[in-house]
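Protein chains: 4
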Amino acid sequence: MIRVGIIGATGYAGIELVRLLCGHPDATITQIISQSFVGKKISDVYPHLKGILDIECRELNTDELPAQCDVVFTSLPQGTSSEVIPPLYSAGCTIIDLSADFRFHDAAVYEQWYKMPHPAPQLLPDAIYGLPELHRTDIAKARLVGNPGCYPTATLLGLAPAVKVGAIDTNSIIVDAKSGVSGAGRASSLEYSFCECDEDMKAYKVAQHRHTPEIEQELSILAQNDVVISFTPHLIPMKRGILATIYATLKNDLSLEGLLNIYGNFYKDEPFVHIYENGTLPSTKAVAGSNHCHIGLTVDQRTHRIIITSAIDNLVKGAAGQAVQNMNIMLNLSETAGLALPGYYI
Amino acid sequence: MIRVGIIGATGYAGIELVRLLCGHPDATITQIISQSFVGKKISDVYPHLKGILDIECRELNTDELPAQCDVVFTSLPQGTSSEVIPPLYSAGCTIIDLSADFRFHDAAVYEQWYKMPHPAPQLLPDAIYGLPELHRTDIAKARLVGNPGCYPTATLLGLAPAVKVGAIDTNSIIVDAKSGVSGAGRASSLEYSFCECDEDMKAYKVAQHRHTPEIEQELSILAQNDVVISFTPHLIPMKRGILATIYATLKNDLSLEGLLNIYGNFYKDEPFVHIYENGTLPSTKAVAGSNHCHIGLTVDQRTHRIIITSAIDNLVKGAAGQAVQNMNIMLNLSETAGLALPGYYI
Amino acid sequence: MIRVGIIGATGYAGIELVRLLCGHPDATITQIISQSFVGKKISDVYPHLKGILDIECRELNTDELPAQCDVVFTSLPQGTSSEVIPPLYSAGCTIIDLSADFRFHDAAVYEQWYKMPHPAPQLLPDAIYGLPELHRTDIAKARLVGNPGCYPTATLLGLAPAVKVGAIDTNSIIVDAKSGVSGAGRASSLEYSFCECDEDMKAYKVAQHRHTPEIEQELSILAQNDVVISFTPHLIPMKRGILATIYATLKNDLSLEGLLNIYGNFYKDEPFVHIYENGTLPSTKAVAGSNHCHIGLTVDQRTHRIIITSAIDNLVKGAAGQAVQNMNIMLNLSETAGLALPGYYI
Amino acid sequence: MIRVGIIGATGYAGIELVRLLCGHPDATITQIISQSFVGKKISDVYPHLKGILDIECRELNTDELPAQCDVVFTSLPQGTSSEVIPPLYSAGCTIIDLSADFRFHDAAVYEQWYKMPHPAPQLLPDAIYGLPELHRTDIAKARLVGNPGCYPTATLLGLAPAVKVGAIDTNSIIVDAKSGVSGAGRASSLEYSFCECDEDMKAYKVAQHRHTPEIEQELSILAQNDVVISFTPHLIPMKRGILATIYATLKNDLSLEGLLNIYGNFYKDEPFVHIYENGTLPSTKAVAGSNHCHIGLTVDQRTHRIIITSAIDNLVKGAAGQAVQNMNIMLNLSETAGLALPGYYI
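Chains as they are written, first to last, in full-length UniProt numbering: chain R, 1 to 346; chain F, 1 to 346; chain X, 1 to 346; chain W, 1 to 346.
Derived by calculation from the structure, the hints in this document are not laboratory data.
Note that CB positions come from ideal geometry on N, CA and C, so glycine has one too.
Check each hint, because a few of them may be wrong.
To give an idea of the interface, some chain W residues facing chain X are shown, with a C-beta separation under 10 angstroms as derived from the structure [what the hints assert, rightly or not]:
1) Ile173
2) Asp198
3) Ala207
4) Tyr247
5) Leu281
6) Ala311
Only chain R is shown next, with the shape it has when bound in the complex (with noise of 0.2 angstroms):
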């Protein structure tokens, strides 16, 4: 069995690796590291964990922690993993990291959109971008995976196919991206509370989404050459799922049997991406608790363009789930174990 830790366990997508590590075949989790309940036990501060794992909150021990655990999943807030993962990195710990310290390539596009130092530039190189799809494998060699972001893991798995073989124009991409609260986190701020949220929408951070680079490094990658988009996040009242609807404009005709083609090649061996035929379109609540993503492809022959609208689930496939699914092809277990099971729907 795969000992497992988990640092920052206590946030919504640390609470979902306990919830997917807790069905996985081949792995246990033996520390749940969290500062901020240490001693408490985690079915106290998650009462649906009652019976079913009852273990304390520890402290963070960087010189055990190596030793205790196979590998180790770090959730912690964006730029404090500096006094964290190169200490565990360099005593051989297999590390999978879900913010952002370690998805960019170029520490000072980080620290222009993130508006901070690099905790651990000297890493970068080193660390890989865990979007499976498209990196496995360089995942598989890696000891240090940047987990993506949500938005960008339903971004990048709706467009690669058409970047990849040049259909698009790469210059018109425009990504309109909806999630559901949870995305922001176990806050406990104004603007997140309930009465704030309820029956609510908006767009926010407009042409300013952090994750905005981090989108344009890997379609960059693809199209082997420099892309830049207009990404617009929105909040939606709701807790879990994201929605990208994302449109660009035909280089050549292409009727919708040939996007689809293009889209099931490319997708053809892999086990989380499905893609719709006939022009039927994906709901976020069928990949609502599970690790999959669903696209939908639209020709629209008026303007030229393609719509395409990727659903995940931002705490599974674009959080927990995926990062599950690096911890596989990692550690060389099944890349779908622990992930197999359906989601709730309703």
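With chain R fixed as given, assemble chains F, X and W onto it according to the hints.
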């Protein structure tokens, strides 16, 4: 006091008309016509009207109605107005129709998108598109107004200034719109059931929504050129509200300050349209229950695009409130009569 | 025009006061006092007021305020009124206080349940409990009204007739109340965050909620006897609405018709209380946004109990609407002024 | 591997059965019978099953099914099982029925409350009421189990210890239950539409809900006496979850500690029932998606009553999860097989 008749009062737009007219200083509801509830008190169908408006629903009598009402609102299913509106119009009624039937100049466009013969094409030359911010003068002289659709209202108010001054490439317009479920009407299909809609979102009718030609008709008038757009509606788990996020490429450089000036000038005398300053952005609860449209503007210098977010309440500015606004104009009342109160926000 | 001041206008009850007073034919808001937002326009704090009410929030000046206002609504945190209300009252102000401070006859009861010294016990003999359906005559003569709590309002309106006529065993009363989240106020704690409240429900403060003694005080007056009840509040994932389901054992046989008569008589002249006929039952959206209370009655012959369901909007009849109703009575205006419009239902 | 057939798989309880059985280590779904979707893949009806379970829905063949399945779950509309269950039972099938048809000992009680003839009264002597915490031994020997209703499950688990030890007056029991909308099933009526349910709550079927006699049957067995209760269900704007708040008068003085001991003892070996300590109380999200029941206890010394709050997921412990638990018992598998994972909480 203006005597008002409402035909088809028992849908959600109809019942919003009732709510707004109850508070109108110059109008009184004298006739509620509802095929489904003939003989029932409106407060038995809608208990929130108990003790406030208890009048009985009646059957339609196109002979008597003109004498009983100074203005008639019609909220009938698409394409069914042929038996209702022509006789009332001939009899001298002032009519505001909430269906799509009288929004179009060209019956052929209607027939192409609504896939049915136009119910009364002979009236189209007389009908005026009821968006006051664009057609106030013509509305004032009209006796038949086609009240705009909800998505088109949010979209047109969001785009009109930029299109009018020629600041954007009208071939580049993309409208990503999100709506609460009341836009579907008082429906009892599985698709709009609570369990299928709650905690879920999806795009629908991508590249084929019937509001597309309506938006294009009006933008083409503003642009003095044929405009074709991409329009994508989405269903959001809330009752009221539309947020239209609109993308367009700038023809020339423009600063945010410049864009705010354009919008500020265009709407400076408009009582119901508010442009947010300083890059702040609206959320739909700011307009819930009110006839206002709140607009936020962003200039994305990286992509040379503008992003407009336009928020309305689909039942008010998107339907009943705009209908009352049109009535006020047509009958030479104060334009804000019955529409001056704050929405309910929480 | 009555000049109105609102102290503590920026909580949810305060902003509902603003909404209702904007539509009041005889009152105008002249002073908005808010410690948190001094110098800011109220429409910058609450954008739904843009273009409707743009006045600036001011600091409290207990010397000037009496001359500027004919009536003052105070919506301060519990127990903090000692610095505010006594000076205003001495200066001759007419005050409606939305806190619990002036609801009690006995300061000792207040101190036992609120666990703090009463801020101004010297004013208790003058203060009147502001439930018009029970104390209209006294309210009309008062200059200081303690506006009732939301749960007590729903409960007392639901029970008063049965208790008054002695139809039930007052030792048997059980009140199971459910409330939307706005009852917690404009909070920013984790407990009231969207993700913690959405798709969730729970009981809280069982057998210890501070509204219990308030309900018992008023029932004891009606019963002319000490009444002790079980009161259980619950948090429900919605913004507005209280439903109180009340159980009591009949002293003697009583038919549903008999019970409906008792309630019909008790409330026959009340503009804001409606008894549902024929065993139909109210839902909270029937009163959302309105000052009405809708009551449904059942006689459970199998257990010799009556079950009363009483629905109000916690922010309106449970707070701001009732406060305006009290103002109307205290200032000898039409009691329904500013409260006559329908709620919004959908 | 146990071969499982599900008849009526396409309702919400049916699809939860599919979800849970997909994760069951000892069972595999071999037959999905659905009248409505014959010939369609289950993943075309429920897209969350894409790539996980793509088997085709078949027509019912009562001749073939017994040979194809080791156990059959039936989820048919009330009263329609007469054509289905008797032939399967005679053929030797092990059957767990999710309808109310086989919960009752007395066909006359069923007929009085369900207002239809009992479909197969000859099977009632063999059928066992499928609440494991009360009837494990009999379930283990049964071939036909009537899976309990959702409200009765929450209520009986909440009351059983107190009734069993005789701590409460069984004439005083009041059950105020609140349920999410999925309890109404996969409905397409106006009453359960999103706009009619969202932001709304109400009581319904007061003093007449069909779950009342089911609860009374089981409480009477525990009490060894006829028990009659008041039961009031409420509809809450969320999808999953039941919270039953139960009131009963103590026969003798009892401290909270004493009450916790009674419940702790009664449930000490139960894997799915958890009693909260120290007066803490459960919320439904603690059991969302899981087969657990969480119970909180309060002693109200002022009224000499106990108040029990019992939380379950109506689709899991209230239907599908309990059905799987019964299957495990009937087929001598580990009782927690397929039910051991955490729920999803957020």
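Hints versus structure:
{"no.": "1", "hint": "Ile173", "verdict": "holds, 9 angstroms"}
{"no.": "2", "hint": "Asp198", "verdict": "holds, 8 angstroms"}
{"no.": "3", "hint": "Ala207", "verdict": "holds, 4 angstroms"}
{"no.": "4", "hint": "Tyr247", "verdict": "holds, 5 angstroms"}
{"no.": "5", "hint": "Leu281", "verdict": "holds, 6 angstroms"}
{"no.": "6", "hint": "Ala311", "verdict": "holds, 8 angstroms"}
Going through the hint list in order, the structure satisfies each hint without exception.
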